[in-house]
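Keeping their order, the protein sequence lines are chains A and B.
1 is the number of the first residue of the first sequence in the numbering used here; add one for each residue after it.
1 is the number of the first residue of the second sequence in the numbering used here; add one for each residue after it.
No lab work stands behind these hints: they were computed from the structure.
Since this is a predicted model, take the numbers as computed values, not measurements.
Warning: the hint list may mix true and false statements.
What the hints assert, rightly or not - Straight-line Cα separation of at most 25 Å, DSS-like style, residue types lysine-lysine; simulated pairs:
1. B:K57 / A:K50
2. B:K85 / B:K8
3. A:K327 / A:K26
4. B:K8 / A:K202
5. A:K327 / A:K85
Claimed, not checked - Ranges between beta-carbon positions, derived for each pair:
6. A:P290 / B:K162: 40 to 50 Å
7. B:P27 / A:M348: 35 to 45 Å
8. A:R346 / B:R92: 23 to 33 Å
9. B:P158 / A:Q175: 38 to 48 Å
10. A:P7 / B:G113: 29 to 39 Å
11. B:Y119 / A:G42: 55 to 65 Å
12. B:P144 / A:A349: 15 to 25 Å
13. A:K202 / B:R19: 48 to 58 Å
14. B:I4 / A:S5: 38 to 48 Å
15. A:S5 / B:R30: 17 to 27 Å
16. B:S155 / A:V10: 49 to 59 Å
What the hints assert, rightly or not - Derived contacts from chain A toward chain B, CB cut-off under 8 Å, selection only:
17. P14
18. Q15
19. Y163
20. M191
21. I292
Ideal Cβ positions, reconstructed from N, Cα and C, are used throughout, including at glycine.
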Amino acid sequence: MSVSSNPVTVNIGPQHPSTHGVFRLKVEFDGEEILDLEPVFGYLHRGTEKLAEERNYSQVITLTDRLDYTASMTNNQAYVLTCEKLGQIDVPERGLYLRVIAAELQRVAAHLMATGFLLQDMGAMGTPLMYCFRERERILELFEMLCGARITNSYMRIGGVFYDAPESFWPALRQFLAEMPEYIDEYESLMTGNEILLGRTKGVSSLSIEDIVNASISGPMLRAAGLSWDVRKSDPYDIYSSLDFEVPVGTQGDVYDRYWVRLQEMRQSLSLVEQCVSRIPQGPVRAEVPLIFRPPEGDAYVPIEAPKGELGFYIVSDGGISPYRCKIRAPSFINLTLLKEMLIGRKMADLVVILGSIDINMGEVDR
Amino acid sequence: MYGIGIAKGLLVTLRNLFRTPSTVQYPEERVEQHSRFRGQEFSWYEERCTGCASCAKYCPLGIIEIVTDPSQQAIQDGDKYAIEKFDIDIGRCMYCGLCVEACPYDALFMGSGFERARYTRDELFIPMEELKNATKRPSTWFRPQLEGKGYDPQSGQPLGWKDVGRHEAPDYEAMQRRWADR
Chain A
1 MSVSSNPVTV NIGPQHPSTH GVFRLKVEFD GEEILDLEPV FGYLHRGTEK LAEERNYSQV
61 ITLTDRLDYT ASMTNNQAYV LTCEKLGQID VPERGLYLRV IAAELQRVAA HLMATGFLLQ
121 DMGAMGTPLM YCFRERERIL ELFEMLCGAR ITNSYMRIGG VFYDAPESFW PALRQFLAEM
181 PEYIDEYESL MTGNEILLGR TKGVSSLSIE DIVNASISGP MLRAAGLSWD VRKSDPYDIY
241 SSLDFEVPVG TQGDVYDRYW VRLQEMRQSL SLVEQCVSRI PQGPVRAEVP LIFRPPEGDA
301 YVPIEAPKGE LGFYIVSDGG ISPYRCKIRA PSFINLTLLK EMLIGRKMAD LVVILGSIDI
361 NMGEVDR
Chain B
1 MYGIGIAKGL LVTLRNLFRT PSTVQYPEER VEQHSRFRGQ EFSWYEERCT GCASCAKYCP
61 LGIIEIVTDP SQQAIQDGDK YAIEKFDIDI GRCMYCGLCV EACPYDALFM GSGFERARYT
121 RDELFIPMEE LKNATKRPST WFRPQLEGKG YDPQSGQPLG WKDVGRHEAP DYEAMQRRWA
181 DR
């Protein structure tokens with residue numbers, strides 16, 4: 001006996017806890033199986049690129065905080081690097097070190113959040129998420145010491161960082177660096193060997209390197225598929241060329257590999273921060289740049305390795321006090337390109353897991 | 001064998017059961033707050049303010065409103081204009097601190113509180129009178145003279161305009177370099 005069924009269209013989002021923001025998916029189901037889907041975004045569109053055209057160069061830093069609000073430091077970094085390239089400004093050495101310390105701590109915080117929410121989407125209600133947030137909270141406290149804010153940092157300035165770290169920052173950072181690897185080991189013993197996690201993630205949404213490269217997907221998703229490509233290695237900015245670190249790569253490109261790559265990247269980031277702390281030089285942290293910054297006419301594009309992938313700012317200057325055009329290459333948005341290929345044919349329960357493994361942030365997708 | 005991973009995970013949760021809690025009971029207890037925290041309730045010192053409106057000009061959202069009158073007697077240290085209006089609409093403020101960074105006379109400081117929640121947007125507007133009479137516990141954000149003294153806005157005394165310290169009054173060339181070096 002055969003049971004006939006009609007496809008059902010289900011609306012997931014825009015307000016749904018597992019879509020990581022105001023993201024809407026119109027999905028056509030046949031029973032449990034996904035037949036077709038249509039992503040709808042734009043609910044968090046604030047016109048950042050347009051707003052940047054009527055603010056001066058320093059004021060735009062506050063807008064970049066709000067792009068990927070789980071990784072404000074790296075957004076700041078990408079923007080100020082582009083402005084420095086436009087104005088050909090040399091940043092003092094200590095400023096570069098402080099930037100890398102902040103950016104790598106931010107990478108750990110963002111990956112903790114991604115991992116915690118991935119596990120939450122998988123049905124591990126609360127426990128791993130709370131553990132991840134406990135450590136993220138300590139990073140945010142370090143940021144509060146450094147720049148007075150936890151999420152919307154606005155720490156970096158054109159020509160360096162806004163101010164040197166306070167005295168009390170260094171002991172707190174050292175203590176964090178000493179304790180954090182133990183916590184990562186704890187996540188690994190809690191999650192990595194767990195049979196439920198393996199069952200839900202192994203072989204789910206495998207993508208080949210060709211597909212991923214053709215869709216210009218970057219970040220942990222690309223490295224999980226096995227291609228060792230990291231902007232910090234391939235096109236080093238700040239002081240990454242003088243630091244020693246490895247790029248963890250996966251093999252299958254499935255959800256499990258993405259999760260694993262993120263955990264290993266956290267370890268690498270901590271070792272990067274340790275290297276910076278041990279060899280940070282004394283000196284000024286900020287080059288003399290006037291508050292109203294006027295770069296010469298021209299354009300510049302600088303990509304950096306944000307926690308979610310390649311984040312780039314393309315700024316055109318007409319010689320005035322505000323950008324003529326400011327284009328943002330947002331990794332979360334481009335990483336969603338292969339959503340259909342990943343989801344069609346899979347079951348309903350895989351949907352939230354796959355979406356969680358892409359690690360999107362709607363602030364960045366909609367800009 | 002199936003189930004070993006889950007057992008290992010349960011050992012981790014068991015260990016966490018005996019850790020000291022990482023949360024605090026907020027209204028009774030408070031987490032430690034750093035002195036650089038950029039908080040609400042700006043500390044504004046009228047004695048220092050010359051009404052130059054650098055802060056208003058540098059604010060990304062334009063929420064500081066300043067009206068000055070050159071015909072009146074100036075009360076402040078820098079001796080420029082009498083200030084008739086200095087209002088901050090913190091309902092739209094994002095606490096980026098750029099106004100504090102722009103102030104050349106160290107007259108404006110970030111506040112240190114975070115509990116100025118109100119029921120309507122109108123009440124989030126801080127008029128000049130309120131700024132004048134507020135208890136001032138300035139944040140040390142972008143004010144190295146306060147940080148050098150080890151001032152802590154949470155436990156320290158409120159500071160008057162003579163205590164907060166000041167850079168030397170900037171000359172014309174320094175202002176030119178700072179604002180519009182071309």
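We went through each hint and held it up to the structure:
Under the criterion of a C-alpha separation no larger than 25 Å, the hint pairing B:K57 with A:K50 is consistent with the structure, at around 20 Å. Note on B:K85 and B:K8: the hinted pairing is violated, with a Cα-Cα distance of about 65 Å set against a maximum of 25 Å. As the CA atoms of A:K327 and A:K26 are separated by approximately 29 Å, the hinted pair breaks the 25 Å bound. Between B:K8 and A:K202, the direct Cα distance comes to roughly 19 Å. Compliance with the 25 Å bound is thereby established for this hinted pair.
At roughly 15 Å between alpha-carbon atoms, A:K327 and A:K85 fall within 25 Å of each other, so this suggested pair holds. The given range of 40 to 50 Å is broken by A:P290 and B:K162, whose C-beta atoms sit roughly 30 Å from each other. Our hint of 35 to 45 Å for B:P27 and A:M348 holds, since their Cβ atoms are close to 42 Å apart. Range check, A:R346 to B:R92: Cβ separation about 44 Å, and the 23 to 33 Å hint is violated.
Remark: the range hint 38 to 48 Å for B:P158 to A:Q175 is contradicted by a beta-carbon distance near 32 Å. Range check, A:P7 to B:G113: Cβ separation about 55 Å, and the 29 to 39 Å hint is violated. In this structure the supplied range 55 to 65 Å is violated for B:Y119 paired with A:G42, their Cβ-Cβ distance being about 32 Å. Under the hint 15 to 25 Å, the C-beta atoms of B:P144 and A:A349, about 55 Å apart, miss the expected range.
The hint said 48 to 58 Å for the Cβ distance between A:K202 and B:R19, and at roughly 31 Å that hint is violated. Taken as a hint, the range 38 to 48 Å holds for the pair B:I4 and A:S5, whose Cβ atoms sit roughly 40 Å apart. Evaluation of the 17 to 27 Å hint for A:S5 and B:R30 yields a failure: the beta carbon distance comes to about 57 Å. Checking the proposed 49 to 59 Å range against B:S155 and A:V10 shows it holds: the Cβ atoms sit about 55 Å from each other.
For A:P14, the interface hint is violated, the least distance from its beta-carbon to any beta-carbon of chain B being 24 Å, above 8 Å. At a threshold of 8 Å, the smallest CB-CB gap from A:Q15 to chain B is about 24 Å, leaving the interface hint violated. The closest approach between the C-beta of A:Y163 and any C-beta of chain B is roughly 6 Å, which is under the 8 Å cut-off, so the hint is satisfied. With a least beta-carbon distance of about 7 Å to chain B, the hint placing A:M191 at the interface is held under the 8 Å criterion.
The beta carbon of A:I292 is positioned within 8 Å of a beta carbon in chain B (closest approach about 5 Å), and the interface hint is therefore held.
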